[in-house]
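Trainee: Protein chains in written order, with the working numbering: chain A, 826 to 940; chain B, 826 to 940; chain C, 826 to 940; chain D, 4 to 446; chain E, 4 to 446; chain F, 4 to 446.
Simulated from the structure, these hints should not be mistaken for laboratory data.
Please note that the accuracy of each hint is not assured.
[As the list claims (entries may be wrong)] With the Cβ distance kept under 7 Å, some of the chain B side facing chain F (calculated, not the full set):
#	residue
1	S851
2	V855
3	I884
[As the list claims (entries may be wrong)] A partial selection of chain C residues facing chain F, derived with a Cβ cut-off under 7 Å:
#	residue
4	N836
5	E869
6	L880
7	P937
For every residue, glycine included, the Cβ atom is placed at its ideal position computed from N, Cα and C.
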Amino acid sequence: MKFIVAIIRENQLDQVREALIDAGISRISVSNVSGHGRQATTEEIYRGQIVVPNLTANIRIEIGLNDEFVDKACNAIINATKANENGLVGSGKIFILPLEEVIRLRTDERGPKAI
Amino acid sequence: MKFIVAIIRENQLDQVREALIDAGISRISVSNVSGHGRQATTEEIYRGQIVVPNLTANIRIEIGLNDEFVDKACNAIINATKANENGLVGSGKIFILPLEEVIRLRTDERGPKAI
Amino acid sequence: MKFIVAIIRENQLDQVREALIDAGISRISVSNVSGHGRQATTEEIYRGQIVVPNLTANIRIEIGLNDEFVDKACNAIINATKANENGLVGSGKIFILPLEEVIRLRTDERGPKAI
Amino acid sequence: MKILLRCTLLLCALTLLTTSTVWAADQPIIDSGATAWMLTSTAFVLLMIPGLAMFYGGLVRSKNVLGTMMHSFSAMGVMTVLWVVCGYSMAFGPSILGGWFGWSSDYFMLSGIDETIMEGGIPEYIFSMFQAKFAIITPALIAGAFAERVSFKGYCFFIAIWGILIYNPLCHWVWASDGFLFNLGARGAIDFAGGTVVHISAGVSGLVAALFLGGRKAHPHLQMRPNNLVMTLTGAGLLWVGWFGFNAGSSLSSGLSSAQALTVTQIAAAAGAMAWVIIEGLHQGKATALGFASGILAGLVAITPAAGVVKPGGAIVLGALATGICYLAIVVKNKMGYDDTLDAFGIHGVGGIVGAIFLVFFIRDSWMAEASTLAGGSWTVWQQLGVQVTAVLIAVAYAGVGTWVILFVLNKFIKIRASEEAEMRGLDNHYHGERGYGMINPH
Amino acid sequence: MKILLRCTLLLCALTLLTTSTVWAADQPIIDSGATAWMLTSTAFVLLMIPGLAMFYGGLVRSKNVLGTMMHSFSAMGVMTVLWVVCGYSMAFGPSILGGWFGWSSDYFMLSGIDETIMEGGIPEYIFSMFQAKFAIITPALIAGAFAERVSFKGYCFFIAIWGILIYNPLCHWVWASDGFLFNLGARGAIDFAGGTVVHISAGVSGLVAALFLGGRKAHPHLQMRPNNLVMTLTGAGLLWVGWFGFNAGSSLSSGLSSAQALTVTQIAAAAGAMAWVIIEGLHQGKATALGFASGILAGLVAITPAAGVVKPGGAIVLGALATGICYLAIVVKNKMGYDDTLDAFGIHGVGGIVGAIFLVFFIRDSWMAEASTLAGGSWTVWQQLGVQVTAVLIAVAYAGVGTWVILFVLNKFIKIRASEEAEMRGLDNHYHGERGYGMINPH
Amino acid sequence: MKILLRCTLLLCALTLLTTSTVWAADQPIIDSGATAWMLTSTAFVLLMIPGLAMFYGGLVRSKNVLGTMMHSFSAMGVMTVLWVVCGYSMAFGPSILGGWFGWSSDYFMLSGIDETIMEGGIPEYIFSMFQAKFAIITPALIAGAFAERVSFKGYCFFIAIWGILIYNPLCHWVWASDGFLFNLGARGAIDFAGGTVVHISAGVSGLVAALFLGGRKAHPHLQMRPNNLVMTLTGAGLLWVGWFGFNAGSSLSSGLSSAQALTVTQIAAAAGAMAWVIIEGLHQGKATALGFASGILAGLVAITPAAGVVKPGGAIVLGALATGICYLAIVVKNKMGYDDTLDAFGIHGVGGIVGAIFLVFFIRDSWMAEASTLAGGSWTVWQQLGVQVTAVLIAVAYAGVGTWVILFVLNKFIKIRASEEAEMRGLDNHYHGERGYGMINPH
Ligand SMILES: Nc1ncnc2c1ncn2[C@@H]1O[C@H](COP(=O)(O)OP(=O)(O)O)[C@@H](O)[C@H]1O
Ligand SMILES: Nc1ncnc2c1ncn2[C@@H]1O[C@H](COP(=O)(O)OP(=O)(O)O)[C@@H](O)[C@H]1O
Ligand SMILES: Nc1ncnc2c1ncn2[C@@H]1O[C@H](COP(=O)(O)OP(=O)(O)O)[C@@H](O)[C@H]1O
């Protein structure tokens, strides 16, 4: 099993979620992060001054997956974030970590079937 | 050492925390996540329309543990979340990841004793 | 490759960020967490009553790194948090997890060069 | 604003009497009390704009919160300037073009009223500014219908044109002494503080606009939840406070009719709010805060046209009734599935109609009596009902058709609907280059 | 509201004089100025409700923010309706049942006062609505004592009954011209704007309720911190503004006594706030924003009964004194460990008592002089002190016992205390099916 | 406050006329209407404090939100107390020390004005409290210039001394009947509601303080973004509402001049806001909410000195002009890189100067006519321009130098600048021991 952490643009959450659902992955956890990277972030303007935030608001998606689903998930995310690229550099990352065990609290099931 | 990520119901944080402390685990990090799963989430109502949110607010607990504590921790969480189940499907997951190294910033200690 | 999760004091984010950048690590993800630990947290006062919060606001930094950068990163964080220690116990932890794969969404690059 | 005539006449008579000994009053002298209350009302009505911004702003998704609040605020900018340039003149100048609207070069830039005192002892400036607030709030209400999907530029041009072509004429018909609805029937169509002019017109226009622009991309398959109900609730509180200026100020005096208006306003709002939570409690088992706030609005909207003629008992019924029907309307909307995002029609349109029509059953006897005399002999509730229905239908038709035409034509020049990308990234980021809640992410 | 008599009489005398030439005044004619100010005050006092909602709402945990704000808002609904139905009648009708409360069928649905003008030239409607706001805010204040653990239904029924059985009688005793506290001693117990009626009764009832319902599940071993002090601070600001209506409006006129009341209100609030941050600074080394806000409240509460009789110097002392004692009271509370969650008693109860009692040392000479004449010869501070203490004790006893009885009986029919689960999941989710801050989680 | 003289005289003449028959007025009788409006204005101006707190508070980083709001709130505490003790006396007592400031033992603790009625029929208490609000808001405005880096204690002492040594004298010169700027030229320097006294002095002092204290540690290399623009926008709304009291209240009456002031206030604010979003739209391609809010302020600031003398047309130009120049000033600031954090100078200083100077081109003819007669024959715009420029220069010089001296001396005793650690950890945590947004972290 793998544990995927994907950092995406704030405004691509909906697309990504739909893409994942289409790929049969319905269980995810989403949170807010601020990112710092090379990405040309969408500027903000305050009192006539352009501010390139040094921490951009991004979305962090966490998914526990069985191995056979990993590629599906990654491709789903990659394709979903391709859309509306509107020329901005950088649209985040996917990190794949090893996952040793999962427990479904509701049923105490463990391992792959608990994902 | 293991790195545990537990996703639980927003409103069970207090129970879980107390259970963990009873199990001798006093160091945790908690954050807000929104989850999407099979869980029958507690509905919300807006202007007479029942809304089943497609992203439910959950709590994410992160714990770095020494191996011997892992089961204790999991059981504590499982039992704590059993309570007040009030028939709602799904109360999250526990993910167990391998942890290679820990550093306590205050003392520079490393490894198990730094947990 | 490694995946570093560092929990630091809320108010040391700027120092840490600058230290990391000096160490050549410009890509990070930052989020809010509430922590529970041994740390003597900065008290808060409500209506003449001193409150030692049982969940302190901390900052969580996530960094995907190539192995050769891990020590640099850790040292940067350690040194940055040493400053302004102002006698408070505990200034968090660094957790180092194994990282199997990274994908840069923008270019589909994988592995070390995608970090 | 009919009732006020009676009392202003009285007032000015009185003031003249008390002072005629002093000088031959070439123009009525100031009634410092009435003036004080009108100054205050004007400020209170302005308070409704931030109130509305909070109410609407809290209901959308975080990425659109600033854009939505700006819909209210920008109306404050656009409409004020227009009002000074041509609005006041079109609304309250003598009828031209067969009464379509009014015009008086005197009112251009308000240049002619620099020292005018109206009967009732109020400087005309205040009346003009008080009315300006109504012209501001009406388009701001419309914005609720197409929240989260309109381009800022498109919106600004829309409300400008809408204000000129729809609001000003309607206002003229109903409130100008030579407006034709003002003189309909025995004592005219009853619209004390803007049931038809403000709420019905806004609600209907909103509905038309919502249909014209279509629903949000993700509507209804993605559930969209309020970003800040705390703010929405607070906004409802400010609206309630501001509404006292809105209604009690419409008496254009500081006396009995103001007191009557304020009283029924308070009562109807409370009744509406209670009714909503009770209905919801029975229907859904929860008494929501948003429901309470919506009930406040429904009650306030319904009493707006009626504030001058109904008594407390009537206010309770009217408030509760409006809530009941608005609740129904929204349930129906959800069934039909069109995207009147923040229920501009569901609450302001429906509530306004309910108020304007059902008020006839609660009219103060004294009012009916006078109506009878004016009508020469008799004037029945049913005759007045006819008048009210006519007024409502005219307002609905004019606002509805007019709005559609405006949108249709304007859309040829400016894309009113926000671009796909703007809608996805959020109005705040795309049109305003800002984010509303910086504190949420570490920064 | 005693002082106002003097000046309203003067005013009406005046108005009559200036106008008697005009007609034989069958009823006093409108004083448009006084009316304007009373209309405004009524609106300002209503502003205190959102203000209080923000103040309280910001202090609880996020999961209860809406539920707590709804405690203030729902009072606006429940009490207004009740006031129209029976409250005004019970409070200001002629005494019945040996003066327990008043009643006048005229006041049912306010039907009898549709055109009444009171001496002072104010339509009775406004007086009634102004008073209604007091009946609204009092139970809303109580809610602070048992925040985060009361069922919404239970709360609504509680305030309804409490308003009828506790507030209305108290209000009658203190403010109705035939109330027995109104006629105690030479010039009656001094309670200009509601020290006993509003704050003491609310504070004491809150304390009783807090004890009756018991502390929150996690109190005190879990530290519970405010979810939004920014909102709390803003709420305190709105409360300050609203309080001008509360106090200066209680003069029921627009003249000297209003000015005096407004002045001391401003001063006492400032003195209270300063005192709090100074005390806190010395005691804890930090000057907290919540402390500043609490000091504002303490000062305002203390000056409320006194606003008509003390001068600026006295206001400073009174404000600072109240803050000092409230601060102490809260420290003691924390020691004793009962769960008066938002210090309804610690600030409103204690502050009200301090104000009502210590005001005697700062009474304007002119007032004492008149008192002496009325008392036929002499009237000392100590005699007045006796009167004040009596009034306070009566209020404390009546509110305390009464509240306990109400809770005890009501609890037999409805569980007032929130269920374990409701408390754990939060009032917002459980009773209202909503969340206050949607923006915090990605959505 | 010059204009008001004319109208108060008229008013009192009138009142005397109508009532002289009644008694030999030993002191002017109350004008309940004017009193009502002044009571209301006083409350409205107080509303500006929470408004300003929200406006400023939303613009800083989360860790400083409470500290920044406390800058506004604590001014409410400190300045009120000082005003009662010595401020009113220094500002409006008869000149002493060659007119540097005034003094009258009568005004100590306001003891001498307990029953005074001013011409115009307003209790002096209200005038004193109305003026107190100006003394509160001015230092609160300064705080914007050195936000996020000042120690709370240092700030409190600074505003106390600044109020005494800078504000009171300036206020005396401009508004006291024996102030030398009040009597400059034909009809004095025009400063209707505080362009020089409030905005210019605040802006300039802010600039000096910002330079004296130096920039924030992270300025400019770290981008610092607003924590809550939603709150900032709401605050701007409250400021707009409060400004009606600020300007229309400065007529010290309830009549024509109040109406004129209110009208131009509304118009200038709208024009300013529109202008800002248009300029920004052309310059940056985005119409920001913060820009809109800033435009509102620029317009309001510019009209403040002019509200009594310009007409609607002029108000539009003045508002737009002020916005244009303020926008420029801020662009320049960003180039120069000094850290006037929230643009206290960029908006209040610059806007105030623009208003005070350019108003001469839009003065009402009637005013110029009277000026001519007073000047004995002729009085040209250019002469008035001279007067205005003089007044502005004096204000700039006095406030600038004075502030520098105060800071220099005070800094010897108290560290005004926040410690490195305080700045890093945030004012909220370090000075107030609190956090503003508890809801953001699980708790
Ligand atoms: N090595 C990394 N560790 C943690 N977060 C990262 C890392 N690289 C990228 N991110 C996250 O992804 C976001 C986009 O990063 P960016 O630098 O634009 O990606 P790219 O590598 O394509 O340039 C950043 O804002 C950051 O939040
Ligand atoms: N595979 C997963 N990856 C990430 N988060 C998950 C996963 N499964 C569950 N979660 C989190 O746990 C919460 C509960 O999930 P749910 O589907 O109800 O659990 P169950 O598997 O018991 O049905 C979800 O809202 C989501 O936040
Ligand atoms: N084992 C752990 N698992 C998760 N988070 C931890 C752990 N240990 C520490 N933390 C985080 O680091 C913060 C500081 O912890 P603290 O106990 O002060 O460190 P120390 O171990 O130096 O005493 C805590 O608030 C918590 O958020």
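Trainee: Hint validation: S851 of chain B versus chain F, beta carbon distance must be below 7 Å. Holds or violated?
Mentor: With Cβ-Cβ at 16 Å, over 7 Å, it is violated.
Trainee: So, I884 of chain B near chain F? Judge it on the closest CB pair being under 7 Å.
Mentor: holds, 6 Å
Trainee: Regarding the hint that E869 of chain C lies at the interface with chain F, is the smallest CB-CB distance below 7 Å?
Mentor: Hint holds; E869 of chain C Cβ to chain F Cβ min 5 Å, cut 7 Å.
Trainee: Under the criterion of a CB-CB separation shorter than 7 Å, is P937 of chain C in contact with chain F as hinted?
Mentor: violated, 30 Å
Trainee: Hold the hint about L880 of chain C up to the distance rule: shortest CB distance to chain F must be less than 7 Å.
Mentor: holds, 6 Å
Trainee: Can we keep the N836 of chain C interface hint, with Cβ of chain F closer than 7 Å?
Mentor: holds, 4 Å
Trainee: So, V855 of chain B near chain F? Judge it on the closest CB pair being under 7 Å.
Mentor: holds, 5 Å
In the structure shown, a violation is registered for the earlier hints numbered 1, 7, in ascending order.
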